[in-house]
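Let the sequences and hints guide you as you build the complete structure.
One line per chain: the protein sequences are F and Z, in this order.
Each residue of the first sequence is one higher than the one before, counting from 1 in my numbering.
Each residue of the second sequence is one higher than the one before, counting from 490 in my numbering.
Honestly, the hints are just simulated from the structure, not real lab data.
In this text, a Cβ means the ideal position worked out from N, Cα and C, and glycines have one as well.
Don't take each hint at face value.
[Said to hold, decoys possible] Within a straight-line C-alpha distance of at most 30 Å, the following computed DSSO-like cross-link-like pairs (lysine-lysine) qualify:
no.	chain 1	residue 1	chain 2	residue 2
1	Z	K639	F	K389
2	Z	K643	Z	K615
3	F	K178	Z	K639
4	Z	K615	Z	K639
5	Z	K615	F	K170
[Claimed, not checked] Label-pair ranges, simulated between beta-carbon atoms:
no.	chain 1	residue 1	chain 2	residue 2	range
6	Z	R614	F	V421	20 to 30 Å
7	F	D271	Z	K643	56 to 66 Å
8	F	E403	Z	L650	46 to 56 Å
9	F	K291	Z	R614	15 to 25 Å
10	F	W438	Z	E669	49 to 59 Å
11	F	I226	Z	K639	35 to 45 Å
12	Z	R708	F	D271	33 to 43 Å
13	Z	K643	F	D250	15 to 25 Å
14	Z	K639	F	D51	27 to 37 Å
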Amino acid sequence: MLVVTAAGGPRIAALNEAAEAAGLSPGEPLADARAKAGDLQVRAVDQAADDLALRRLALWATRYTPTASPWNAENGADGFFLDIEGAAHLFGGEEKLLADLSSRLEDFGLPARFAVADTPGAAWALSRFHPAPCVVLPAGEEARALTPLPIEALRLSPETCTTLRRLGFKSVGLLLDKPRAPFAARFPAELLRRVDQALGRLDEPLVPIVAPPVYHSLCYLLEPIITQEAVIALASRLMHTLVHVLTRDDVGARGLRLCLYRVDGAVETIDIGLTLPTRNVAHVVRLIDLKLDALAAMQEAGFGFEAIGLAVTRAEPIPARQNELIEDAGDAGRTERCAALIDTLRGRLGPQSVRRFTAIASHLPERAEALAPVTDETPAPWPEQETEKPCPLLILPRAEPTEVTALVPDGPPRRFRWRGVTYDIADAQGPERIASEWWRNRSGHQPSQPTRDYYLVEDEDGRRFWLYREGLYGRETAAARWFVHGLFA
Amino acid sequence: MAPPTALTAIRNRAAVAAELRLLLPKIQSLRSTNAIPFGVAAIDHYLPQGGLPGGGLHEFVPEAGASPAAFGFIVALLARLPQPHPLFLILPTYGMRDFGRPYGHGLSALGLDPRRLILVVTAHRKETLWAIEEALHSGAPAAVAGAIDKLDLKSSQRLQLAAADAGLPLLLLRTALDLESSAAATRWRIGARQAARDRFGLFARPRWHLQLERCHNGRPGEWLVEYDHVAHRFSLAAALADHALSRSAGEIPLRQARRS
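Quick look at the structure:
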């Protein structure tokens, strides 16, 4: 027996058959239950685990249709909606789909109730309150089917239900006959909204568990497959079918998702991003192969995968052209190959590993640019250097402290020691003074960064370094600290 | 190809030579590949192909403490490539920790547009090798550059083959001190030298001491070059930091070591 903590002490949330036989029912206070039956095994409800299990089940159900939406708390959080419009015929009709679904759920050891209706509200009501465990409602029959059901079938809050029952509205039918205006005046807007949603007068959008794909292709297997080669072969077949649709609509895939449905109900999802929209089967299959190499999905295949789905999550137009004529000729092919290369590198090395320089308007050298992951093909223009000021070829991730000997405290350095080596400076240029960005610290309480004096120094062997002295001598600090910040060619 | 008839019958010297030349397509293609010239007659004439072979592995080994200089030399070579295609630079993360990461404004100061460069960060040597080979096989970039510490003979053969097949230059910065023998087309040892000054006494053009240590079909050599980032031009520098002297010294290598 599971209990949930509520106002007025713990109450029963769920119980097994033995407890039901003892005359207990959900919602009863635990104290009363203990009085009725002495030897109760009581555990607390783990709501988070329940939600997770429901989510997993809804993910599994995307094998039937891409739009699966698990119920939130106001729907009872114990089931999910499937939008099977346009998907049912793949299974030979709604009844056949339901039969398949129920037999599979039974195999998992999950008793379930099903209803198919034109509106989520009606389906919800029928699945909960209809005597049959499996109902398929013909179109336009919502009002008739809902009439005999109790008022709770409208997914109302408990307070509204209590008030309605007190007024004598025990079934939905009684409510439907009455004029709407008095209800609108006396009840929360929820009541009429739920009625309209159940009858299809008001749209109720489902929140899908995963973003619905633009194009989708799914393959059911008679025998589960385990090996990576088999998955690759199937993925290639699915991509071939997708390419026809993509070509028809003059679009290419920018994002793809491969779903592997395991026999035991778990789902492995692999997301693939592409730099340029593509319809190239070999390229996509190669990326999938790389991802499978990296992921441990194949090691956890268990008893194998019984269904595989490939979905295009992002599609972008690519103009139609004749591949055969301009293969390897001109720039277009090269740009495409470059994008393919970036995809491949990202697939194996991770999305953060392929980067490009982007300039940022800042005087502080370490802020003046960023290495951003490559996103699209048009890099932002690089600012022209206005003056011939020295810029190091390599910049250290953090400026490293160094011991410097200088003739005067605010003069150029003469000798410095860095990473255990002493360098005698033959020539120094500078200083280039870079003040802190005072506008960044206007609201903050931390003191602004001290001013830096940068020197470009060359040692006797021709190595060039970028040193800076932190703090203006005498004004900001008494003992200036020195740092190595960059290296020159 | 038809068998050379001139070898069997009447010996016409010109005809025989022409037929023999037909038999040697490889050398012909070797000469005419897309070599990357330095633009310095002394170096280009010294190299068997009139420049760095366009499809091949080139190793750049820094002298002690001259890794930034060697990297700068590679950047200068990349900046001189005329093709507009992107350049792939493959660097391991540990290398970036030691020497810092490439700085876009600094690349721009050496004449290389940072937008052309795509930086690939790898976690270990295996990934680096894989990424380099991928980039070469794709044939998309104008050139591939990278840094690697250890490279055994077999890996270097793979890279050399991949670069030759793709017809792309692969410029590798070798950061390890002990070097195994490799199948690279050329190996250069790069040393830093005091930069050339402009007329105000400011650092103007970086200078490198180049030692061609090994060269396929060629001889080792040694030069002192400087690089003008505005004109993307290499030129020979005199050993003395005197402008008048360096002009008169012209384009003569400092010393040409001959190995039989």
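Hint check results:
1. Z:K639 x F:K389: Measuring from Cα to Cα gives roughly 36 Å; hence the hint is violated.
2. Z:K643 x Z:K615: With Cα atoms ~13 Å apart, Z:K643 and Z:K615 stay inside 30 Å; holds.
3. F:K178 x Z:K639: Status violated; Cα separation ~85 Å.
4. Z:K615 x Z:K639: Satisfied, since the Cα-Cα distance of roughly 11 Å is no more than 30 Å.
5. Z:K615 x F:K170: The given pair, whose Cα atoms are some 72 Å apart, is violated under the 30 Å limit.
6. Z:R614 x F:V421: 20 to 30 Å: Given about 26 Å between the Cβ atoms, the range holds.
7. F:D271 x Z:K643: 56 to 66 Å: violated (36 Å)
8. F:E403 x Z:L650: 46 to 56 Å: For F:E403 and Z:L650 the Cβ distance comes to about 49 Å; the hint holds.
9. F:K291 x Z:R614: 15 to 25 Å: holds (22 Å)
10. F:W438 x Z:E669: 49 to 59 Å: holds (54 Å)
11. F:I226 x Z:K639: 35 to 45 Å: holds (38 Å)
12. Z:R708 x F:D271: 33 to 43 Å: violated (54 Å)
13. Z:K643 x F:D250: 15 to 25 Å: violated (47 Å)
14. Z:K639 x F:D51: 27 to 37 Å: violated (51 Å)
In summary, the structure is inconsistent with hints 1, 3, 5, 7, 12, 13, 14 from the numbered list given earlier, while agreeing with the others.
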